[in-house]
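Order-wise, the sequence lines are chains E and F.
Here the working numbering is used: the first sequence runs in plain steps of one and ends on residue 243.
Here the working numbering is used: the second sequence runs in plain steps of one and ends on residue 1104.
Please keep in mind that the hints were generated in silico from the structure rather than gathered at the bench.
Mixed in with the good hints, there may be bad ones.
Pairwise CB distance ranges, derived in the manner of DEER restraints [unchecked claim]:
1. E/185 <-> F/1068: 30 to 40 Å
2. F/1087 <-> E/25: 39 to 49 Å
3. F/1088 <-> E/166: 42 to 52 Å
4. E/11 <-> F/1032: 33 to 43 Å
5. E/180 <-> F/1065: 46 to 56 Å
6. F/1023 <-> E/178: 32 to 42 Å
7. E/228 <-> F/1033: 16 to 26 Å
8. E/180 <-> F/1088: 51 to 61 Å
9. E/189 <-> F/1045: 33 to 43 Å
10. F/1032 <-> E/183: 19 to 29 Å
11. E/231 <-> F/1023: 33 to 43 Å
Glycine included, C-beta positions come from ideal geometry on N, C-alpha and C.
The residues making up each chain are set out below.
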Amino acid sequence: MARAAVLGRLTWLAAAVTETVTETPRVRTLALDVPGWTGHRAGQHVDVRLTAEDGYQAERSYSIASAPGEPLALTVERLDDGEVSPYLVDEVVPGDRFELRGPIGGYFVWEPDGATDPLFLVAGGSGIVPLMAILRWRRAAGAAVPAKLLYSSRTIEDVIYRDELQHIGADVVQTLTRAQPSGWQGYARRVDFDLLRDVAYPPEQNPRVFVCGPTSFVEAVAEALVALGHRPGRIRTERFGGA
Amino acid sequence: MTYVDGNAIGGLLTDVFGREATDALGRCSSCGAENFVGALRVYRAAGVVVRCPSCGAVVMRFVEGRDQVWVDLGGLLGSGLEPLGEARVHVVHRGEVVDGGAKA
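So here's chain E without its partners, still in its complex pose:
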């Protein structure tokens, strides 16, 4: 362990599932007990490794959903042609074990550290996960910095953390791009230049911006924010590929 610390190498750790929470029909949160886990920062991820009986290994990255100081939790969306996510979303039960290593990432992270610039978070689909870790950390740390979340989902059933978002202590703006329930008060279109102009803190307030979602979503949001006058250096992105 001392050697690993000196070299900074990541060691594979055994994680045991302690609890599962179904967030949406496609998304589940796994609370984990990981002996040797050293803690994490809000926005980081882990690599998960599954090993089949024949020795075949598959490895994927998943964002950490829990705030620093809370038990480690991952929120995973099922990709139907995936090798790892269908197992994590549909099959894993408390007591099951798999390997993970981390925490990983020093770029897409947020610390309260007395900052006063407002925090603007933009999530597409399961891109909400690392941003939720940031919002949970902000709440837990009692940070006074204003925060606003713009969250795009396809339908109301696809909204992850639907109940908790109502009392996360931030300004939450939602858009549903595919279908809206009757009486829906939020937006009903894709996140674009006009919507961001309405919702984002103005560039003069120098917000720190974190954007996470599918590559095409992040691309569109980042370009529109720059067109609105936000400095590229203030915008941190995490693209997870996909649609």
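With chain E's structure known, arrange chain F on it following the hints.
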């Protein structure tokens, strides 16, 4: 072909460099743009190709074998990132292995 951010290969980078690398700043040898490693564009196929988000030039390449990884950092300048001197890490430049992990 779609891509992800350098952040996504943070685990691989920590394996190769022995430290968190996504918050390191590096300069593209083609266009000179300076970007965080976490903001570089990552394309995955048989190997991992990392491109400059400003000009698209290849700045790093990684090929992972079962217990070894080949690393080409030829397009990235000034990042301060040095591959670990381990037998499993092979540094490649212009197609030739220049360091088979023999470093102290």
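Status of the hints after comparison with the structure:
{"no.": "1", "hint": "E/185 <-> F/1068: 30 to 40 Å", "verdict": "violated, 56 Å"}
{"no.": "2", "hint": "F/1087 <-> E/25: 39 to 49 Å", "verdict": "holds, 47 Å"}
{"no.": "3", "hint": "F/1088 <-> E/166: 42 to 52 Å", "verdict": "holds, 49 Å"}
{"no.": "4", "hint": "E/11 <-> F/1032: 33 to 43 Å", "verdict": "holds, 37 Å"}
{"no.": "5", "hint": "E/180 <-> F/1065: 46 to 56 Å", "verdict": "holds, 50 Å"}
{"no.": "6", "hint": "F/1023 <-> E/178: 32 to 42 Å", "verdict": "holds, 36 Å"}
{"no.": "7", "hint": "E/228 <-> F/1033: 16 to 26 Å", "verdict": "holds, 22 Å"}
{"no.": "8", "hint": "E/180 <-> F/1088: 51 to 61 Å", "verdict": "holds, 53 Å"}
{"no.": "9", "hint": "E/189 <-> F/1045: 33 to 43 Å", "verdict": "holds, 35 Å"}
{"no.": "10", "hint": "F/1032 <-> E/183: 19 to 29 Å", "verdict": "violated, 54 Å"}
{"no.": "11", "hint": "E/231 <-> F/1023: 33 to 43 Å", "verdict": "violated, 18 Å"}
Hint compliance for this structure: hints 1, 10, 11 are not met, and every other hint is.
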